[in-house]
Amino acid sequence: MKSIRFRTRLLLSFWIVLLVALCLPAYYIHQTLENEILNEARADAYIQLDFVHWLLKESPPFHSNQALDQWCKNVGYHLKYRITVIASGGRVIADSDVKNQKIPLLDNHAGRKEVIGARKLGHASSIRYSITLKRKLIYAAKNINLPIAPSGVLRVAIPLSTVETRLSAFAHKFWGVLFLIFIITMLISFFLAKRLEAPIRKTIQAATAIGEGNYEAHIDIDAGTEFSQLSMCINDMADKIQQNIEMITGQKQELEAVLEGMAEGVMLLDKNGKIKATNQALTWIAKCVPSCIGHRPMEVFLNPEIQDACNKVLSGQEHLKQKVSINSETVYEVNLVRIPDGGAVVVFHDISELIRLEKVRQDFIANVSHELRTPLTSIKGYAETLLDEKFRSSDKAASFVNTIVKNADQMTNIVNDLLELTKLQQKQQKPDQLFPVNATTCFNSAMETCMPMLKEKNIRIVNQLNDSIIVNAEENSLIQVFRNLLDNAIQHSLPETKITVFAQTKKDDVVFGLQDEGTGIPLHHQKRIFERFYRVDKERSRASGGTGLGLAICRNAARKMGGKIWVKSPPDNQSKGSVFYFSLNKPTDSAS
Amino acid sequence: MERHFIKELDALKMTLLNMAALTRRALEKATHAYLNRDEKEAQTVIDGDKEINDLELQVDNISLKLLALEQPMARDLRFIIGTTKISKELERIADQAVNIAQRSLFLCQHPPLHHIPSMERLMTIADNMLDAAISSFINEDFQQAIKVRQMDDMADKYTLEVLQTLVEYMVKSTPVAEKRLLNTNRSIQTIIISRCLERIGDLATNIGEHVAFIVKAINIKHQKIDFE
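Line by line, the protein sequences are chains C and B. Numbered according to this note's numbering, the first sequence terminates at residue 592, and the numbering increases by one at each position without gaps. Numbered according to this note's numbering, the second sequence terminates at residue 1228, and the numbering increases by one at each position without gaps.
It is worth saying that the hints were derived from the structure and are not from the lab.
So the derived list for chain C, only partly shown, Cβ under 8 Å to chain B, looks like this:
| # | residue |
| --- | --- |
| 1 | 299 |
| 2 | 303 |
| 3 | 520 |
| 4 | 575 |
We put the beta carbon where it would ideally sit given N, CA and C, even for glycine.
Isolated chain B (complex conformation) (with noise of 0.2 Å):
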C-alpha cells in the first residue's frame, strides 16, 4: 500500500515535470519565434498548447485519487495540494506563451519594427523566473522558490520600458495615416507581448511561492517576508 502511494506520487511528480517541461520549451519557442520572426516555430507553439492542456488534467486526475484513496498527511499532502496549483500555473504559462506565438505571427507577416532590446532582456528573465521556479520545484529549494519573486521586479521594469519605447515611437510615427495604423498596430501587439512576459513572470512567481508552501508549510502569498 505504501509502496502504491510512493509510486503515484513519483507518476504525479513526473507527470507535471512533463507539463513543467513542455511549457518551458513553449515559451524558449515563442520567443524564438518572435525574435527570429519564424511563422513555423510560432506555429509549433499554438499546435502544441493541447498537450500541455491535456497532462493539466492528467495531474489533476491523479493527485484527486490520491486525495480521495490516500488520505496523505503533511508534506504529502501538500505536495499534492502544491502540484495541482503549480500544473494550473504552468497552462496558464503555456496559454501566455500562445498568445506570444499569435502576436508573432502577425508580427512576422508585417515589417519588423526597429530593435528593442529591453524586449530581449524582458524575455531572458521571464523565461530565467521560470527556469528557477521549475528548478526550485524539483531541488524543492525554498530559497530559489523565494527568490523568483525577487527577479519580478526586473520584469516589471523592463516591461514598463518597453512600453515607453513603444509609445514614444507611436507619438513620433509618420504623419501618413495608412503607415501610422501600420505602426500603431505592430507597436500594440509588440506591447502585448512584453505584458505577457510580464505576466509568465507573475505565474513564476506563483509557482515559487507554491513550492514555498510545499517546502516549508508556509504560506507566504501577499506577504512581504524577508528571509535571507
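The shape of chain C in the complex, shown without the other chains (with noise of 0.2 Å):
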C-alpha cells in the first residue's frame, strides 16, 4: 500500500467514495422503480382478470370443455394474453394458447402458487418464468364458479416483456451516466491530484536538500494556507538549521584552533578507555603508533602510570594529576578529567624544560659554593696555620703563602668569571655594535695566550683557517671564545697529540671547528657541558685547574654575537675525540 503513489491513492479514495455515493441511492431507485411498475402491472393483472371473467359471465353458458377452451382461444386472440380456466382439481379445463388436443397433458396446476392463492384467499397474482411458453409472466388468478367448472379458478397471464424493457432502459440510462461520472471525476481527480501533489514534491525536493546540506533550498508555493505555512515551517526551519551549524561548525573550529595551538598534548577518552580524539602536539609525544585513534593509551605511550591514571578516572575518579616520566629525558604532568558520561580528557604538559632548568639553578647554586668553598678551606687552613708564630718564621711560610695565594687568585677567577658571565647574560649585544673582525688574527692571539701550556704538553696545533676570515663580532668576546675552547682542548688532550682548528664557509655564517683527540665527551653529558660549573668528570677537571665557566662563557659570547655553540664527540669517522662548533654570522655586504 505504501508504494502506491499519492496521486493514485487520491484517485482511489475519490472513486470509492464516488461508488459508494452513486451506487447506494442509483441501487434504491432502481429496487423503488422496479417495485412499482411490478405494481402497476399486477394491478393491471387484475384488471384484465376481472374483465375477462365478466366476459366470461355474460357469454353463454359452456355445454364442454372443448367450448370453453374455443372461446379462450378467440378471447385471448383479441387481447393478446394467456387465458387459463383449471378445474377443481388443478386440471386444465381450457387454455387460449394451448392447442385443444394437448390440454390434457399439461400438468396439474393445483400446485401453482397463484393458484393456491387464489382457492385461498380469492385471487392471487405471481411472476415467474413460465416453460411452456419460455418467458416471464405475470400470473392472476381467481375463482370463479362456472357450471362447467365448479369452484374452478380462472387465470390469465400477461408477459412481463415491457415491464422489463422499461427497467433496463432505466438501469442503461443509469449506469452511461455512472460511467460519465466517472470519467469526470477521474479527469477531475487527476487535476486536484496533480495540484496537490506539485507543493508536496516541491516540499520534499526542498527537504531533501536540506537534509543534504544545502540550507540555501527554499520553498517558493503558493497553493493555500496549510501549505503555505508548511512551507514557511520548513525555510524557517533551515534558516535556524543553517545559523546552528554555522554556530556550532564556527565553535568546533575554534575549538580545533585552540587544541591545534595549544602546546599540551590533548586526547580524549571514551568509554572502554580508547583513544578517540587527539590533537597534533599529542602525536609528537606518542611515538610507538602511528595514529593514535582506537587505541589504548598503553599502547600509543607504553607507560603503566598513565594507562593505570586513565583507568582511576575511567572507573569513577573526577580528576588526577599526575607526574609521569615517558624516558629520562622528558616528564609531563598529566591532567585527567571525567567526562559525565564516561570518557575522559587526558592532558599532557611538559615540564621537562621546568625540571632541567630547576635541576641546573640547584646543581650552580651547590656548585658555585663547592667551587669557592675549595680554594676558600685551604686558604683559611694555611692562613691558620700561619698564625703560629713558630711556624710562620720557618722557611715553609713563604710557599704557605704562595698557595694561599694562588688559591686566592683562582677565586677571582672564578668571581671576575662570573661577572663575565652576568655581563654576557644581561644584555642582548645589537647588531649594530658587532664589527668585522678578522677571525684568523682573533684565533692566533689567543693561540699566543695558550703557548706556554701547549708547550708543557708538546701539542701540536693544526692551524686551517685562511689568512683572513671576516666575520661579524666583537674582537675581545671573540678571542675569549677562541682561548677558552682552547684552553679546554688543551686540559681534555694526551700529551703529545693534535687540535685541529678549522672554518666552513656557509651562505649567511662561518662555521668554525676546535678538533681534539682527548677523552671525548659521553652522550648524555654533551647537552650539559655548556652549563656553568658543569663537569663531565668531577675529580680529574678540578686537579686542571680550570673554573669550570668555561664553556659557559663560550657559549654565551657566541649567542651575544648572534651565533650559536654546539659539540661533537667523537667526530664524524673518529673513535675517539671532540670536535666543537660554534657559528657567527657574516659580515652584510654595506658592512664590509
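Since each chain sits alone in its own frame, please combine them into the complex, following the hints.
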C-alpha cells in the first residue's frame, strides 16, 4: 500500500467515495422503480382478470370443455394474452395458448402459487418464468364458479416484457451516467491530485536538499494556507538549521584551533578507554603508533602509570593529576578529568624544561659554593697555620703564602668569570654593535696566551684557517671564545697529540671547529657541558685548575654575537676525541 | 562467550604491554645508571625485576586459560602462543638489564674507565631494537618486525668494538700490579655489560620474529629471507 503513489491513492479514494455515493441511491431508486412498475403491472393484470371474468359470466353457458377452450382461444387472440381455466382438482380444462388436443397433457396446476393463493384468498398473483411460453409472465388468478367448472380458477398470464424493457432502459441510462460521472471525476481528481502533488513534490525536494546540507534551498509555493504555512515552517527550519550549523561549525573550528595551537598534548578517551581524538601536540609525545585513534593509552605511550591513571578516572574518580616520565629526559604533568557520561580528557603538560632548569639552578648553587669553598678551605687552613708564630718563621711559610695567593687567584678567577658571564647574559648585543673582525687574527692572539700550556704538553696546533676570515663579532669576545675552547681542548688532550682548527664558510655564516684527540665527552653529558660549573668528571677537571665556567662563557658570548655553539663527540668518522663548533654571522655587504 | 574471549585477549595484550613498558624502563634505567654512575638507579632496576617476573607468570596464566577454555583458532591462536613467547623474551631482557645494573653497581664503586663511544652507540642501538620490537607488536607491523633483525648486525659490530677497545686497554695498562688488577676487573665488568646489551639485541630480534609469526603466520627464525 505504501508503494502506491499519492496521486493514485487520491484517485482511488475519490472513486470509492463516488461509487458508494452513486450506487447506493441508484440501487434504491432501481428497487423502488421496479416495485412500482411491478405493482402497476399486477394491478393491470387484476383488471384484465376481472374483465375476462365478466366476459365469461356474460357469455352463454358452455356445454363442453371444447367450447370453453374455443372461447378462451378467441378472447385470448383478441386480448393478446393467455387465459387459462383450471378445474377444481387442478386440471386445466381450457387454455388460449395451448392446442386443444394437448390440454389433457398439461401438468396439474393445483400446485401453482397463484392457484393456491386464489383458492385461499379468492384471488392472487405471481411473477415467474413460464416453461410453456419460455418467457417471464405475470400470472393473476381468481376463483370462479361456472356450471362447467364448479369452484375452478380463472387465470390470465400477461407477458412482463414491457416492464423489463422499461427497467433495463432505466439501468442502461443509469450505468451510462455513472460511467460519465466516473470519467469526469477521474479527470477532475487527476488534475486536483496533480495540483496537490506539485507543492508536496516541491516540499520533498526542498526538505531533501536541506537534509543533504543545502540550507539555501527554499520552498516557494502558493497553494493554500496549509501549504504556505508548511513551506514557511520548512524555510524557517532551514534558516535556523543553517544558523545553528554555522554557529556549531564556528565553535568547532575555534575549539580545534585552540586545541591544535596548544603546546600541551590533549587526548579524549571513550567509555572503553580507547583514544577517540587527539590534538597535534599529542602525536609528538606518542611515538609508538602512527595513529593514536582507537588505541589504548598503554599502546601509545607504553607507560603503566598513564594507563593506571586513565583506568582510575574511567572507573569513577573525578580528576587526577600525576607526574609521569615517559623517558629519562621528558617528564609530563598529566591532568585527567572525567567526562560525566563516561570517557575522560587527558592533558599532557611538558614540564621537562622546568625540571631541567630547576636542576640546573640547584646544581649551579651547589657547584658555585663548592668551587668557592675548595680554595677558601685551603686559604683558611694555610692562614690558620701561619697564625702560629713558630711556623711563620720557618722556611715553609713562603710556600704557604704562595698557596694562599694561588687559591685567592683561583677564587678571583671564578668571581671574574661569573661577573663576565652575568654581563654577557644581561644584555643582548645589538647587531650594530658588532663589527667585522678578522677571526684568524683573533685565534692567533688566543693561541699566544695558551702557548705555555701547549709547550708543556707538547701539543701541535694544525691551523687550517685562511689568513683572513671576516665575521661580524666583537673582538674581545671572539678571542675569549677561542681561548676558552683552546684551553679546554688542551686540558682534555693527551700529550703529544694535535688540535685542529678549521672554518667552513656557509651562505650566511661561518662555522669554526676545534677538534682534539682527547678523551671525548659521553653522549649524555654533551647537552649539559655548556652549563655553568658542569663537569663531566668531577675529580679530574678540578685538579686541572679550570673555573668550570669556560664553556658557559663561550656559549653566552656566541649567542650574544648572534651565533650558536655545539659539540660533537666523537667527531664524524673518528673513534675518539671531540670537536667544538661555533657559528658567527658574516658581515652584511654594507658593513664590509 | 565471544565477547568474553575478546576481553580476555585484550587483557593478555595489556599485561604483555605492561611487561614491555617495565622492561623497556629497566633497560633505560640500567644504561642510565651505567653512564651516570648512579648506584641508586642501578638498585631500582635490581629491585624492579620481581614485578616483571610476576607479570610473566600472569601472561602465562591468562594464555593457558585461553588455550584450555576457548580453543582459539588461526590468528588468535598465534597471538596467544606468540604472546607467551614474547613474554619469555621480555623477562630475559629484564634479567639482562638487572645484570647490567649489577655490573654498574660494581663500576660505580671504583674510579671510572675512560669514555668508550662504541658503548654508547651499543646502548642506543639495543634501546632502539627493543623499542622497534615492541612497536612492531603494538602495530602488528611485519616490516618493522623484520627490521629489528637487520639492526642486530650493528649491535654485534659495536660489541666487538667495545671488546677490542678494552682488550687493548688492558694490554697497555700500567705495569703496577695492584692497578692492573683493578683495570682488568673494571674492563671485564664493562665487557660483560656490552655482552648483555648484545644479548638484549638478540632477544629483541626474537621478539620481532614472534611478531612476524603472529602477523603473517610464517616462521622466519634461523632463516635468511629477504622481504624488502
